[in-house]
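Please build the complex by placing chain B with the ligands on the supplied structure of chain A, with the hints as guidance.
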Amino acid sequence: MTSKTSVSLRNLTRAFGATRALDGMSLDIEPGEFVALLGPSGCGKTTALRVVAGFETADSGEVLVGGDDVSPVPAAKRDMGMVFQSYSLFPNMNVADNVGFGLRMRKKSAAERRAKAAELLEMVGLADRARQYPHQLSGGQQQRVALARALAIQPRVLLLDEPLSALDAKVRQQLRDQIRELQQRLGITTLFVTHDQEEALSMADRVGVMRDGKLEQVAAPDELYASPATEFVAEFVGTMNRLPGDLADGAVTVLKGTTVPAAGDGVADGPVDALVRPESLAVEPSGDRNGTVAARTFLGAVTRVTVTLDGGTDVRVDLPSTSAGDLTTGAGVRVTLPGTRVLVAPRRS
Amino acid sequence: MAAIARKPGRKSFPAWRWVILLLAAVYFLIPLYGAFQFTGVSAFGQVITTDGFGSSLWLSVRLALVTTAITLVLMVPTTIYVHLRLPKVRRVMESVTILPIVIPPIVLIIGLLQIAPPALAGTPYMLALEYVVLAMPFAYRSIDAGLRSMDLKTLTEASNSLGAGWLATLRRVVLPNLTTALLSATVLTVALVLGEYAMASLDLTTTFPVWIVTNDQTSAPVSVAASLLSLFVTWLVLMVIVVIGTRQSRRKGGGEVALFSVLPTSQTMSET
Ligand SMILES: Nc1ncnc2c1ncn2[C@@H]1O[C@H](COP(=O)(O)OP(=O)(O)OP(=O)(O)O)[C@@H](O)[C@H]1O
Ligand SMILES: [Mg+2]
Numbered sequence: 001m002t003s004k005t006s007v008s009l010r011n012l013t014r015a016f017g018a019t020r021a022l023d024g025m026s027l028d029i030e031p032g033e034f035v036a037l038l039g040p041s042g043c044g045k046t047t048a049l050r051v052v053a054g055f056e057t058a059d060s061g062e063v064l065v066g067g068d069d070v071s072p073v074p075a076a077k078r079d080m081g082m083v084f085q086s087y088s089l090f091p092n093m094n095v096a097d098n099v100g101f102g103l104r105m106r107k108k109s110a111a112e113r114r115a116k117a118a119e120l121l122e123m124v125g126l127a128d129r130a131r132q133y134p135h136q137l138s139g140g141q142q143q144r145v146a147l148a149r150a151l152a153i154q155p156r157v158l159l160l161d162e163p164l165s166a167l168d169a170k171v172r173q174q175l176r177d178q179i180r181e182l183q184q185r186l187g188i189t190t191l192f193v194t195h196d197q198e199e200a201l202s203m204a205d206r207v208g209v210m211r212d213g214k215l216e217q218v219a220a221p222d223e224l225y226a227s228p229a230t231e232f233v234a235e236f237v238g239t240m241n242r243l244p245g246d247l248a249d250g251a252v253t254v255l256k257g258t259t260v261p262a263a264g265d266g267v268a269d270g271p272v273d274a275l276v277r278p279e280s281l282a283v284e285p286s287g288d289r290n291g292t293v294a295a296r297t298f299l300g301a302v303t304r305v306t307v308t309l310d311g312g313t314d315v316r317v318d319l320p321s322t323s324a325g326d327l328t329t330g331a332g333v334r335v336t337l338p339g340t341r342v343l344v345a346p347r348r349s
Numbered sequence: 350m351a352a353i354a355r356k357p358g359r360k361s362f363p364a365w366r367w368v369i370l371l372l373a374a375v376y377f378l379i380p381l382y383g384a385f386q387f388t389g390v391s392a393f394g395q396v397i398t399t400d401g402f403g404s405s406l407w408l409s410v411r412l413a414l415v416t417t418a419i420t421l422v423l424m425v426p427t428t429i430y431v432h433l434r435l436p437k438v439r440r441v442m443e444s445v446t447i448l449p450i451v452i453p454p455i456v457l458i459i460g461l462l463q464i465a466p467p468a469l470a471g472t473p474y475m476l477a478l479e480y481v482v483l484a485m486p487f488a489y490r491s492i493d494a495g496l497r498s499m500d501l502k503t504l505t506e507a508s509n510s511l512g513a514g515w516l517a518t519l520r521r522v523v524l525p526n527l528t529t530a531l532l533s534a535t536v537l538t539v540a541l542v543l544g545e546y547a548m549a550s551l552d553l554t555t556t557f558p559v560w561i562v563t564n565d566q567t568s569a570p571v572s573v574a575a576s577l578l579s580l581f582v583t584w585l586v587l588m589v590i591v592v593i594g595t596r597q598s599r600r601k602g603g604g605e606v607a608l609f610s611v612l613p614t615s616q617t618m619s620e621t
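Chains A and B supply the protein sequences, listed in that same order.
Residues in the first sequence are numbered consecutively from 1, following the working numbering.
Residues in the second sequence are numbered consecutively from 350, following the working numbering.
Don't take every hint at face value.
[To be verified] DSS-like, lysine-lysine: derived pairs with alpha carbons at most 27 Å apart: (1) A:77 with B:502; (2) A:4 with A:170; (3) A:107 with A:4; (4) A:107 with A:77; (5) A:77 with A:108; (6) B:502 with A:107.
Because the hints were derived from the structure by calculation, they are not lab data.
In isolation and in its complexed conformation, chain A is listed as follows (with noise of 0.2 Å):
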């Protein structure tokens, strides 16, 4: 129903006081691709989206929207809509205005207004809702409502903005589903900014990890888990293990005489550290030790032990609970990586 849009951010700078909220990031959105931004708190995310939506202006870079330039483009006529963190439906006006208004102001009719706020109430599965107002709604309803609202104009280009943050978690991950469900449906472009990289792993095409206004890395989840491109998006997205060793030509010695090749811009031979997945080290129990279980927990289908190794390094390692079973608090174990190539980082004291 709506036709497909590139969003690309250019170099875009902005400052508020000494802060950088965003330091020269550049991003690009394929037509109906849905792109999430992860960051940690401060980042620049919002920032970076309000820019879009024409709230904020960029100190220098340009934001096109399918291929035009929109900085001289007042927010009200971008044709972006927008969901917000907080509750943002007008009180006075119930349900069905709700969604109706952009058509409102659109200065379609009434009629026209009805069946399109009719049509998505029932997309977002609260069509029994429509004469009743914000405040009679939960938090879970009022967002979907806001979803609804946003999509009946049928913008270009879908902003959220940490939408589900203030649910509770039970309600996040059904609205996480349906947003996901919807924006594949209607193929809109949309741009997700969140903190809570379950979420932006699990929803989005590609994921941008931004730092200090930067992107440090724009790739499919996938891709960003299993190689990432430097130490912050490492550590940022899901659990690491920094296993101290030796880098030398290319290739990292750890665990007392595992040497495996080494990927990672610019780090000096010598003592480094390895960012090694739990999944991707092994353990068992051995006589030829190196470590000693000091935790284990439960996680269903997997048990993840904490080993403490001899040099006083704790590691998390993933394995089966079904192959667990021996690997209680105090055994003596051996941990190995089987791995083959691992991104290496400046040694860490």
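Relative to chain A, chain B with the ligands alone:
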């Protein structure tokens, strides 16, 4: 739960509260009763026919309307703008708007006379400008409280993103959610204008309160009857505004209309 809970809906109202309530009632009602004794019933009939009653009352009503209109037109956009764009100026606004209460009225009048358009000099509407200054502390506080009780920034941005310009946002989103606060501001301004004596008499303008005092010298019972009437009518108008305002705002989840603040929206939520 049930073991500790008392009967629902029945709150104990301790005896000392009744005493305070009674003392307050006595303090306020005895003068009224005394006044009523003094006038007798017949004086009420004479009020309307007494010379100057109609014209002074009509002048006060016009002044109340004009003052309210000017106050709202000046204060509403200013306060909204400060909330949205200059949040740091809010502190300053707070202290500036309290000034008319702190500074003696005569000083304000003299200041206003210096800058008022000469065309207004000598007309009763000069008085309206003075009342705007007097009403400012109350009007500002009402509007400020109303704006605080909503998420103004998010609501205006949501409206903007849906294609509404500033005027449409003001008309369709901000003002409808501010009705309670606007009512409060109106009530306070109207009450202030209808009861103000000092400035009007300094200005030699025969407003209703001035008429009551002047008339006192010729026919005291009639004058007292007139003040009782005006008290009653003002009270009635305020009650009607407050009750209707509260009923309307409750329907949309808003708070009670109170004279100095708007209670924050009560979000009753049950997660799905
Ligand atoms: N209007 C503003 N005035 C001053 N500083 C601001 C303003 N908006 C943002 N900042 C600052 O810019 C930086 C980036 O803010 P932004 O809101 O974009 O972060 P964020 O990534 O969305 O964080 P969060 O996850 O907490 O929402 C922060 O340091 C913030 O304090
Ligand atoms: Mg944010």
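**Request:** Please work out if residue 4 of chain A and residue 170 of chain A have their alpha carbons no farther apart than 27 Å.
**Result:** violated (32 Å)
**Message:** Checking one constraint from the list: CA of residue 77 of chain A to CA of residue 108 of chain A, max 27 Å. Satisfied?
**Reply:** holds (16 Å)
**Prompt:** Quick one, are residue 502 of chain B and residue 107 of chain A close enough, alpha carbons at most 27 Å?
**Reply:** It holds: about 24 Å lies between the C-alpha atoms, which stays within 27 Å.
**Request:** Compare the distance between the alpha carbons of residue 107 of chain A and residue 77 of chain A with 27 Å, and conclude whether the hinted pair is satisfied.
**Result:** Distance of about 14 Å is within 27 Å: holds.
**Prompt:** Holds or violated: residue 107 of chain A with residue 4 of chain A, Cα cutoff 27 Å?
**Reply:** holds (24 Å)
**Asked** Is residue 77 of chain A within 27 Å of residue 502 of chain B, Cα to Cα?
**Response** holds (18 Å)
Against the hints set out earlier in the document, a violation occurs for number 2 only.
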